[in-house]
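J.: Input sequences plus hints: build the corresponding full structure.
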Amino acid sequence: MKTYTLMLLTVASFMGCTDEKKGSVQSQEPESPFIYKRDREFTFLASHFDMDGRLTGLDTLFLTTNSKIFNEKYGQTYSSWSSTGGDFGSNFTGVTEHDTAVWIHPPRDGRYKKLELSPFPMVKYPLVKGNGWSWDLLVGSHYSIEGYAEWADNTAEAFASTYRITRELPLQTQIGKVDCFEIESFTESNFERTELKSYFNPAYGFVRMEYRNIDKGRLLMELIRVRHAQSGTMLPFKDLQLQ
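If you want the working numbering, it's the 1-based position in the sequence shown plus 869.
I should point out that these hints are in silico values taken from the structure, not numbers from a laboratory.
Treat each hint with caution, since some may be false.
[Claimed, not checked] List time: in silico DSSO-like cross-link candidates among lysine-lysine, alpha-carbon distance up to 30 Å: (1) Lys993 - Lys1085; (2) Lys1085 - Lys1066; (3) Lys942 - Lys1066; (4) Lys982 - Lys942; (5) Lys993 - Lys942.
T.: This is the structure we're talking about:
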């Protein structure tokens, strides 16, 4: 994991299918209260848009997770991101998950570097419409974005994020209709305000993330597959309404 300056005090304080083919039934995963603290691979389709809404690129991202301790101080377990688009091979980072909150690092290499300056995917329980929370982050200058957010070397800038659960809804996705909580979040700093609208399912985590980033471009990340990381067996999506 790259060395960088982060303020994770808030995290430390409170963070601690049916097959894709209709009719195919697969073995159930053992019951567990956790989403990311087990051996899973989450596959996302990433669509990149410029500030005028034009599609500029597609990528496939893989988030692999397990229950091994990554950072004991912040209660993080191991995760890794990899990309098929040439931005990076694979890098390790952490996930914080327990009975009060879920928080994950987004990919932050290549064209995804700017996600460091946007709200991180996060939920705080209970999942109830209207609930909100905040989180502050200090970011080192090696994450500055030329022309959009630049600051002096060896210094850090403050980025303050606020979150609110706006509604509960059945979300139509590429894998079917999934019950989700919609979370709107914003990050304020000395630069352009950034945004993340995320859709969270209590069994499968973040199934859709819509970013407006520091360069005013947009990124859409859509969950298209979940499987056991070790065996490769597809996982059944509970209560999934197939198309």
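J.: Please go over all the hints and tell whether each is borne out by the structure.
T.: Against the structure, the hints:
Between Lys993 and Lys1085 the alpha-carbon distance is near 27 Å, which keeps this suggested pair within the 30 Å criterion. Distance hint between Lys1085 and Lys1066 is fulfilled; the C-alpha atoms sit about 15 Å from each other, no more than 30 Å. Our distance criterion of 30 Å between C-alpha atoms is met by Lys942 and Lys1066, whose separation comes to about 29 Å. Between the alpha carbons of Lys982 and Lys942 the distance comes to roughly 25 Å, so the proposed pair stays at or under 30 Å and holds.
A distance of roughly 19 Å separates the Cα atoms of Lys993 and Lys942; the hinted pair therefore holds under the 30 Å criterion.
Violation of the numbered hints given earlier is absent; every hint is satisfied by the structure.
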